[in-house]
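2 protein chains.
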Amino acid sequence: VDVGDRDQLVALLEPLHAADIADMLEQMNAYDRRRLVELYDKEFDGEILSELNEGVRDEIIQYLNPEVLKEAVRELDSDDVVDLVEYLEEPQQEAILEALEIADRVAVEQALTYPEESAGRLMQREVVAVPEFWTVGQTIDMMREREDLPEQFYHVILVDPKMRPVAHVTLGKLMASPRKTALSEITEPGFRTIPALQDEGDVAYAFNQYHIISAPVVDEDDRLVGVITIDDAMIVLDLEHEEDILRLAGVGEGSLNDRFTETVKQRLPWLAVNLCTAILSASVISLFEDAIAKVVALAVLMPIVASMGGNAGTQGLTVAVRAIATKDLTGANVWRVIRREAAVGVVNGLSFALIMGIIAFVWFGSPVLGAVIGAAMIVNLFVAAIAGTVVPVVLNWLKVDPALASGTFVTTVTDVVGFFSFLGFAVLVLL
Amino acid sequence: VDVGDRDQLVALLEPLHAADIADMLEQMNAYDRRRLVELYDKEFDGEILSELNEGVRDEIIQYLNPEVLKEAVRELDSDDVVDLVEYLEEPQQEAILEALEIADRVAVEQALTYPEESAGRLMQREVVAVPEFWTVGQTIDMMREREDLPEQFYHVILVDPKMRPVAHVTLGKLMASPRKTALSEITEPGFRTIPALQDEGDVAYAFNQYHIISAPVVDEDDRLVGVITIDDAMIVLDLEHEEDILRLAGVGEGSLNDRFTETVKQRLPWLAVNLCTAILSASVISLFEDAIAKVVALAVLMPIVASMGGNAGTQGLTVAVRAIATKDLTGANVWRVIRREAAVGVVNGLSFALIMGIIAFVWFGSPVLGAVIGAAMIVNLFVAAIAGTVVPVVLNWLKVDPALASGTFVTTVTDVVGFFSFLGFAVLVLL
Chain A
254 VDVGDRDQLV ALLEPLHAAD IADMLEQMNA YDRRRLVELY DKEFDGEILS ELNEGVRDEI
314 IQYLNPEVLK EAVRELDSDD VVDLVEYLEE PQQEAILEAL EIADRVAVEQ ALTYPEESAG
374 RLMQREVVAV PEFWTVGQTI DMMREREDLP EQFYHVILVD PKMRPVAHVT LGKLMASPRK
434 TALSEITEPG FRTIPALQDE GDVAYAFNQY HIISAPVVDE DDRLVGVITI DDAMIVLDLE
494 HEEDILRLAG VGEGSLNDRF TETVKQRLPW LAVNLCTAIL SASVISLFED AIAKVVALAV
554 LMPIVASMGG NAGTQGLTVA VRAIATKDLT GANVWRVIRR EAAVGVVNGL SFALIMGIIA
614 FVWFGSPVLG AVIGAAMIVN LFVAAIAGTV VPVVLNWLKV DPALASGTFV TTVTDVVGFF
674 SFLGFAVLVL L
Chain B
254 VDVGDRDQLV ALLEPLHAAD IADMLEQMNA YDRRRLVELY DKEFDGEILS ELNEGVRDEI
314 IQYLNPEVLK EAVRELDSDD VVDLVEYLEE PQQEAILEAL EIADRVAVEQ ALTYPEESAG
374 RLMQREVVAV PEFWTVGQTI DMMREREDLP EQFYHVILVD PKMRPVAHVT LGKLMASPRK
434 TALSEITEPG FRTIPALQDE GDVAYAFNQY HIISAPVVDE DDRLVGVITI DDAMIVLDLE
494 HEEDILRLAG VGEGSLNDRF TETVKQRLPW LAVNLCTAIL SASVISLFED AIAKVVALAV
554 LMPIVASMGG NAGTQGLTVA VRAIATKDLT GANVWRVIRR EAAVGVVNGL SFALIMGIIA
614 FVWFGSPVLG AVIGAAMIVN LFVAAIAGTV VPVVLNWLKV DPALASGTFV TTVTDVVGFF
674 SFLGFAVLVL L
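Line by line, the protein sequences are chains A and B. Be aware that the first sequence starts at 254, since it is given in the numbering used here, and climbs by one per residue. Be aware that the second sequence starts at 254, since it is given in the numbering used here, and climbs by one per residue.
Everything labelled a hint here was simulated from the structure, so no lab data went into it. Some hints here could point you the wrong way.
Computed far set for chain A versus chain B, every beta-carbon distance over 10 Å [to be verified]: (1) E267; (2) E307; (3) Q345; (4) E354; (5) I355; (6) S437; (7) D452; (8) R476; (9) V478; (10) N586; (11) F614; (12) N649; (13) L681.
As a list, the in silico DSSO-like pairs of lysine-lysine whose alpha-carbon atoms are at most 30 Å apart [to be verified]: (14) A:K652 with A:K580; (15) B:K295 with B:K323; (16) B:K518 with A:K580; (17) B:K518 with B:K433; (18) B:K580 with A:K433; (19) A:K518 with B:K433.
If you want the ones that stay clear, here's a sample from chain A, every Cβ over 12 Å from chain B, calculated [to be verified]: (20) D258; (21) D260; (22) L266; (23) L317; (24) E320; (25) E347; (26) R358; (27) E362; (28) F406; (29) A420; (30) E438; (31) D475; (32) V653.
Owing to the predicted nature of the structure, the values given are computational and were not obtained by experimental measurement. Note that CB positions come from ideal geometry on N, CA and C, so glycine has one too.
Working from the sequences, and respecting the hints, build out all of it.
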């Protein structure tokens with residue numbers, strides 16, 4: 254790129270998969286990226302655009318020669334175009350839609366009428382559907398004649414006269430059966446359809462839970478409108494996990510490629526929430542200023558109690574948040590789980606009460622101080638265990654994403670309880 | 254189950270998918286689970302066993318009538334049996350292997366010779382491969398005659414005379430082409446093979462990155478030994494995410510179904526590590542006991558500085574750990590990312606220094622105290638930003654899983670720096 258040798262660049266990038274070129278572009282700095290894109294020019298492939306994350310994609314669309322952009326978009330399947338344009342600004346969206354042939358354009362525009370993150374946005378509209386009474390021979394002949402078969406498909410969908418899917422047949426079964434076999438004799442068990450308005454997270458969950466390879470999407474009247482394949486579901490599953498993991502850490506939707514100001518904007522709100530809860534904890538401490546002034550060792554030891562509670566609570570809440578996401582924690586077993594977590598909290602509390610009690614005794618030469626920190630440790634680890642499970646369950650029940658808000662609540666509880674129990678016991682016993 | 258009505262139970266469970274029955278079993282308590290399994294008896298399906306998590310699966314295998322178990326296992330594909338037996342104890346493993354037909358048994362035993370979590374364990378051995386010079390017609394005729402076609406397959410693999418895969422053809426293309434077409438004319442672009450010894454996490458990454466549906470697995474001599482399909486890769490991807498998210502929270506391999514003692518065992522080590530780091534932070538505080546005894550407000554405010562640093566560090570490290578896992582953070586962009594994170598740290602530090610400085614001033618009426626906490630906040634958020642990225646990168650470079658150990662390191666750094674900078678500045682300025 255530095256010497257501006259276009260032929261050499263094309264020769265270098267030629268053997269790479271679009272996803273790898275996209276990753277490379279994401280890892281460059283903006284200046285090199287622009288030069289590379291402008292140099293690559295005509296060779297720029299639509300699939301690279303599909304693979305880029307939003308920030309970099311928006312940037313590159315601006316650099317691209319409009320003719321190259323139009324060409325790039327025309328090569329893509331309708332679901333990839335939807336994915337590409339759905340988060341673009343109006344004028345950019347228009348420019349891309351105009352580049353499409355009229356049939357594709359209508360398909361994309363219809364897909365955009367479904368709500369964001371719904372099955373309707375995720376599906377491809379190219380389907381292979383036949384009347385339910387057809388035979389293997391009829392189906393194979395139809396497929397040999399049809400010219401617009403989808404790039405990838407795994408099932409032939411059987412539909413009734415009202416275009417409602419009733420079953421499907423795998424291509425493998427179709428090939429292995431004699432021509433005169435009725436399709437209805439070789440359908441797959443466990444056939445499922447997906448409502449077009451279903452949330453894409455639930456779609457991905459169903460694919461993973463039931464090992465679905467592809468499933469027809471239906472509208473409110475149960476009519477076939479498209480099909481979702483496992484590769485799209487896998488991408489959604491990956492994104493949902495990413496979201497969960499980032500939310501647990503209080504980072505909204507961060508990625509390494511976000512611009513500086515976006516990153517600051519994503520992180521500030523959570524730090525602000527944390528500041529409020531930290532001030533709350535500090536105000537608990539300020540209730541005990543007199544005690545601390547008399548026994549400074551209290552100030553030294555108090556963060557240990559709070560920190561242990563915070564860690565134990567985070568462990569429990571992470572397991573609970575995951576279990577809620579995978580539907581392993583439900584009304585049926587919530588009480589048993591809470592009881593078990595509470596028991597774990599008591600056992601951990603007793604263990605660390607003993608250890609920390611002895612350490613405090615040796616460190617400050619005061620058996621009473623050892624007893625105080627031990628007692629506070631038991632209380633705080635018990636409360637942490639309960640809060641770690643109850644908080645995410647209650648948030649989920651209130652329809653708040655437990656991954657997003659549990660951490661703050663739980664650590665606030667463990668900080669407040671940790672400081673209050675330790676300093677409170679100290680006042681009762683020492684002063 | 255309570256009334257012991259077997260017929261009613263069978264009728265109730267009949268329409269459910271094996272994965273849902275497995276989830277239900279996992280959510281029951283051990284006593285009910287045992288009664289249900291014993292009552293269900295002959296109807297117990299091998300697929301339910303495949304869907305259960307390890308703890309519950311081991312338990313149920315013990316309750317099951319040996320005849321029922323044998324019958325259940327015989328229905329499964331070889332890769333599911335491998336999955337079932339690989340973590341069982343020797344005698345149980347033997348019992349299941351003996352139930353298999355000799356050919357299946359050999360297949361399973363061969364799969365078990367591959368290392369745990371390798372592509373060889375994940376693959377199914379049933380493949381559809383044909384000589385590379387065949388035509389569409391020959392292939393379809395072969396498939397109609399073969400009786401042992403895999404349950405699900407998506408490609409016909411073309412192999413050379415030494416059984417080395419050279420390309421593959423989708424079933425869709427196969428059906429849509431005239432009988433006399435040579436297979437070599439309709440092969441898919443982007444064909445990839447997977448080495449049998451490759452780590453299953455890398456396999457899942459490749460499926461997700463390159464949108465692979467199925468790929469042949471080859472041994473060291475590049476000969477075809479099996480095939481991995483996207484549904485297996487999706488399960489691995491799901492498990493890897495689960496592992497990452499739990500490790501970030503310091504829970505080894507927790508699940509809600511682990512027994513009480515296992516849960517305690519998983520969580521104790523991380524709490525113990527945390528205790529050590531908390532004591533380290535406390536010993537930093539103890540250096541400043543005199544200062545705290547004189548100005549108790551220091552004890553009230555110091556956890557705020559540490560807490561803000563811990564949160565900012567966790568945000569940065571989570572983004573970094575994810576980026577390392579998805580190969581978005583590499584040698585190529587690590588310096589740019591660190592510089593950007595440091596800049597974010599400075600901006601966040603300045604914002605919260607101002608806010609917290611004013612709060613401390615108002616709260617304790619001391620402008621100097623406000624300046625001290627502000628300065629400490631800037632230092633700690635800057636250090637947190639650097640540590641949040643550098644720690645996971647260095648751990649990864651040392652081949653330690655960054656998800657597992659980063660959190661502890663980063664919060665230790667932010668606690669120590671937070672307490673030291675705040676109390677240190679206070680000593681310099683106030684005393």
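Do the hints match the structure? See the list:
1. E267: Holds: least Cβ distance 12 Å, greater than 10 Å.
2. E307: A:E307 is indeed farther than 10 Å from all Cβ atoms of chain B, at 14 Å.
3. Q345: Per Cβ check, A:Q345 is outside 10 Å of chain B; nearest 24 Å; holds.
4. E354: 21 Å, holds
5. I355: The claim holds: A:I355 sits with its nearest Cβ about 25 Å from chain B, beyond 10 Å.
6. S437: With a cut-off of 10 Å, A:S437 remains clear of chain B, as the shortest Cβ separation is near 19 Å.
7. D452: The claim holds: A:D452 sits with its nearest Cβ about 18 Å from chain B, beyond 10 Å.
8. R476: 23 Å, holds
9. V478: 20 Å, holds
10. N586: Not fine: 4 Å to the nearest Cβ puts A:N586 too close to chain B.
11. F614: 14 Å, holds
12. N649: 14 Å, holds
13. L681: 19 Å, holds
14. A:K652 with A:K580: At roughly 14 Å apart (the allowed maximum being 30 Å), A:K580 and A:K652 satisfy the hint.
15. B:K295 with B:K323: With Cα atoms ~11 Å apart, B:K295 and B:K323 stay inside 30 Å; holds.
16. B:K518 with A:K580: 25 Å, holds
17. B:K518 with B:K433: This hinted pair is violated, its Cα atoms lying about 64 Å apart.
18. B:K580 with A:K433: Outside the cut-off at roughly 51 Å; violated.
19. A:K518 with B:K433: Cα-Cα ~61 Å, so violated.
20. D258: Check passes; 20 Å lies beyond 12 Å.
21. D260: Non-interface label stands for A:D260: nearest chain B Cβ at 22 Å, farther than 12 Å.
22. L266: 15 Å, holds
23. L317: Nearest chain B Cβ is 22 Å from A:L317, so the label holds.
24. E320: The claim stands: A:E320 keeps its Cβ more than 12 Å from every Cβ of chain B (closest is about 25 Å).
25. E347: Holds: least Cβ distance 28 Å, greater than 12 Å.
26. R358: The claim holds: A:R358 sits with its nearest Cβ about 24 Å from chain B, beyond 12 Å.
27. E362: 25 Å, holds
28. F406: 5 Å, violated
29. A420: 16 Å, holds
30. E438: 15 Å, holds
31. D475: 19 Å, holds
32. V653: It holds; A:V653 is separated from chain B by about 19 Å at its closest Cβ, greater than 12 Å.
Hint compliance for this structure: hints 10, 17, 18, 19 and 28 are not met, and every other hint is.
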